[in-house]
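**Q** Chains as they are written, first to last, in my numbering: chain A, -3 to 289; chain B, 302 to 668.
One or more hints might be untrue.
As the list claims (entries may be wrong) - Partner residues aside, some chain B positions facing chain A, computed with beta carbon under 8 Å:
#1 Pro382
#2 Ser383
#3 Ser413
Unchecked claim - Label pairs and their calculated CB-CB ranges:
#4 A:Ala102 / B:Pro434: 53 to 61 Å
#5 B:Arg480 / A:Arg186: 37 to 45 Å
#6 B:Arg411 / A:Thr251: 38 to 46 Å
No lab work stands behind these hints, which were simulated from the structure alone.
As the structure is a computational prediction, the values presented were derived from the model and not from experiment.
Don't be surprised by glycine CBs; every beta carbon is placed ideally from N, CA and C.
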Amino acid sequence: MNDIATSKLAKWVLIGIFIVEIIFLYAPVSLLYIFSFNQGSVVGFPFSGFTLDWYETAFTNRGLLLSMRTSATIALMSSTASIVVGLLMAIPLARRKFKAKTPIMALVLSPLVVPHLVFGVALLITFRSVSLVTNDAIEFPLSLGAVAIGHVVVLMPLIVLILIPRLQRIDAHLEEAAQDLGASGWRTFRTIILPLIAPALAAAYVISFIISFNEYAVAVFVSGPTTTFPIYVLNELQVPVRVPQIIAISVIVVTISLLVVVGAELMRRVFERRYRVLSQTAGLLGVADADTE
Amino acid sequence: MTASSSPMSEVGIHLEGITKTFGEVVAVDDVDVVIREGEFFSLLGPSGCGKTTSLRMIAGFEVPDAGRVLLRDKDVSGDLPSRRNVNMVFQHYALFPHMNVEDNVMFGLRVSGVRKKERVQRVAEILEIVRLPGFQKRKPFQLSGGQQQRVALARALVNQPSALLLDEPLGALDVKLRREMQLELKAIQHELGTTFVYVTHDQEEALTMSDRIAVMNLGRVEQIGTPREIYEHPHSSFVAGFIGSLNAMDLLIQQRHDGTGVMAVGEGRVIARVDANVTAGATLRAAVRPERIALGPASAPVHPDGSVVVGAVEEVIYLGAVSLFHVEVPGLGQIVSQRMSHEDESAFRTGDQVSASWELAHTLVLE
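This is chain A alone, in the form it adopts within the complex (with noise of 0.2 Å):
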C-alpha cells in the first residue's frame, strides 16, 4: 500500500490544485492591470492600444481623490485608535493567567464572525437610537469619525490575533528581569516588551489601516454623507465611461497594499530571526512551571 502523502499521483493532485487556485486569485487581478492600460474605453479583449490616460484622468479627478483622503483619514484615526486599545488587550490575555479568559478572549473576537453588513446595519440602529432616547442630547452624526468607530471593532480582533502570539513568544523571564532590576512596570514595558514587539506593532498597524481603506459594508451604512474610497468606487462603476480610470486607480491601490504588507511582514521576520526573540522559555507565565522544569 503506497503511503498517500508520497503517492506519485497524490503530489501531482496537489500541485494541480495549487496550480488552479493561483489562477484563480491573480488572473483576475493581472487582467486589472492590463486593461488599466488599454487604450479602449470598453473594458475587455481586443486590446486596442496603450495608453496612461486613464492614470491621468483618474488623478485628476477631484471625487475619486477627495475619497481617498477621507478614507486615508478614516483608516489612521482607526488603525491609531485599534492598535492601542488592541494592545492593552492582547497583554493580558497573552501574558496572564486568569478565569475568566475565555469568555473574554471570545468576546474580544466575536466581530470577526459578524458579517460586516449586519455589523454596519446594527451600528446605524444604535447610533440612531442614542440621538432619539437622549433627545439629540448625544448625537451621533453619521460621518467620517462614525466610520472610524465602527472600524475600531473591525480591525481590533485582528490586532489582538497579531499581537497575542508574539507577545506568548517573549519569555516571561524577561520582565521579572527588568523588575529584579528594579525596574517599574511601566519602565518594563517600554524598555524591554515595547521593543520587542515594535515589528508585530508595526505590522498589525499597516495591516489594519489598508483593511480599514478598503472597507465598504460597515462605512456604506455610518458615513452618511461622507463618501468613502469604496463607497466611491462602487457608485462610479455604475457609471460605464468611469470604469476605466477606476481601473487605473484600483491598480495603484493594490500594489501599494501589496507591496506594504509584504514589507512589514518581510521586516518582522528579519527582525526576529536576526534577534532570537524566539525564546525557548516561552510561556513560562507561572512559578509553578519554573519549579517543575
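Since chain A is already given, all that's left is putting chain B on it; use the hints.
**A** Just chain B now, kept in the frame of chain A:
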C-alpha cells in the same frame, strides 16, 4: 540549626516560617532558614521540592502566604522585586535580546540613576571580573551559552546586591563547561564576598560550591549543614539517598552492647551506634556508603571490629577510576561496594566469596 557565634555569622537572609501554596499544592511548607552574610548557600532538592519558589520569595516574585522574609533584619515580605536589594540570575539567562552586552549589564544602574560615566566604568569592571572584557558591544545572540551566563551574572552583580540569587544557572550548559563555571562562580563569590543563594537539583554541584546546603523535599527543609555534614551525617533517608548513593538496610536489633546495637547476618553481623532508648527487638533504618565498604577474603575481613558480612560477588562494574562490586549477602540482600580500580581488592571476580566490612562509625542510622 544553632547559629554559629563566629563574627562571620551575621544574618544576611532570614526565611522565617514561610509557607506558599498554589491552589491545592503546598509548594513551600513552613520553611525556616538563616543564611549568613557572605556565604555560598545552596537550596538543594528534586523538582517540585519548593527550592525555586523559596528563592522567588526572596526575590519578591512570590509573596509568602505565611511567615516573613528578612533581608539584613529588615522585613521585605511585601516589597516589590524592584524595591529589594537582591538580584537574580535566571535559569535561561533572560538577557534582553534587543540590547547589547553593555546595555544589558547597565540596565539596573540606569534604572537607579547612576551617571553615564560611572555606569560605563562599572560595566567594564564587572565584565573584567566575569572574564568578558571588551564584550560590551556584542549582542546576546552572538554569545555562547557560557558567555551569556557570565553576562547574566555581570548584570546582577554590577548593582552590588546584598545577595545574589541563582536559579539553576548552569542547567543549560554542557557537563565540561558546568564544572568550569562551578569553580569560577565559587571564585567570584569569594572575590566579591557577596552572599550567594544557589538553587540546584544537582547534588554534586551543591557539594562542590556551597559553604552550607539546605536539602529540601516536598516543600520542607530536611537538613541544613556543610557539605561534609550532609554527606557524612545525613539525618533522614531522603537526605542520605539524595546525596550520593548508599546501601539502605533495615536493622533488627538483636542485642545491645556498649551503646551499639547488633544484628547477626549469617556468620557475620552489622553493628550500629544506637540511642539509649533503642532496645533489643527494635528495627532501625540504616545505610552505608558504598565507598566505606571494604572487600576482603571471606576469612580475613578488612575491618574485623566493625560490621562484617559474607557473600558472593554477583557483578563487577568498571567505571574507570572506580569499580562497583555487587555482593549478594544471604539475610541482608545485595550491597554495593565502591573501590578504587587500582587497589588490590579489585582483583575479586564474579562468583568469588568475599567479606564486606566497614567501621562502626560508617553505619549511618537514619531517622
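**Q** Confirm or reject each hint.
**A** Hint by hint, here is what the structure shows:
1. Pro382: 5 Å, holds
2. Ser383: Status holds, d = 5 Å.
3. Ser413: 6 Å, holds
4. A:Ala102 / B:Pro434: 53 to 61 Å: 54 Å, holds
5. B:Arg480 / A:Arg186: 37 to 45 Å: Between Arg480 (chain B) and Arg186 (chain A), where Cβ atoms are some 40 Å apart, the hint holds.
6. B:Arg411 / A:Thr251: 38 to 46 Å: 45 Å, holds
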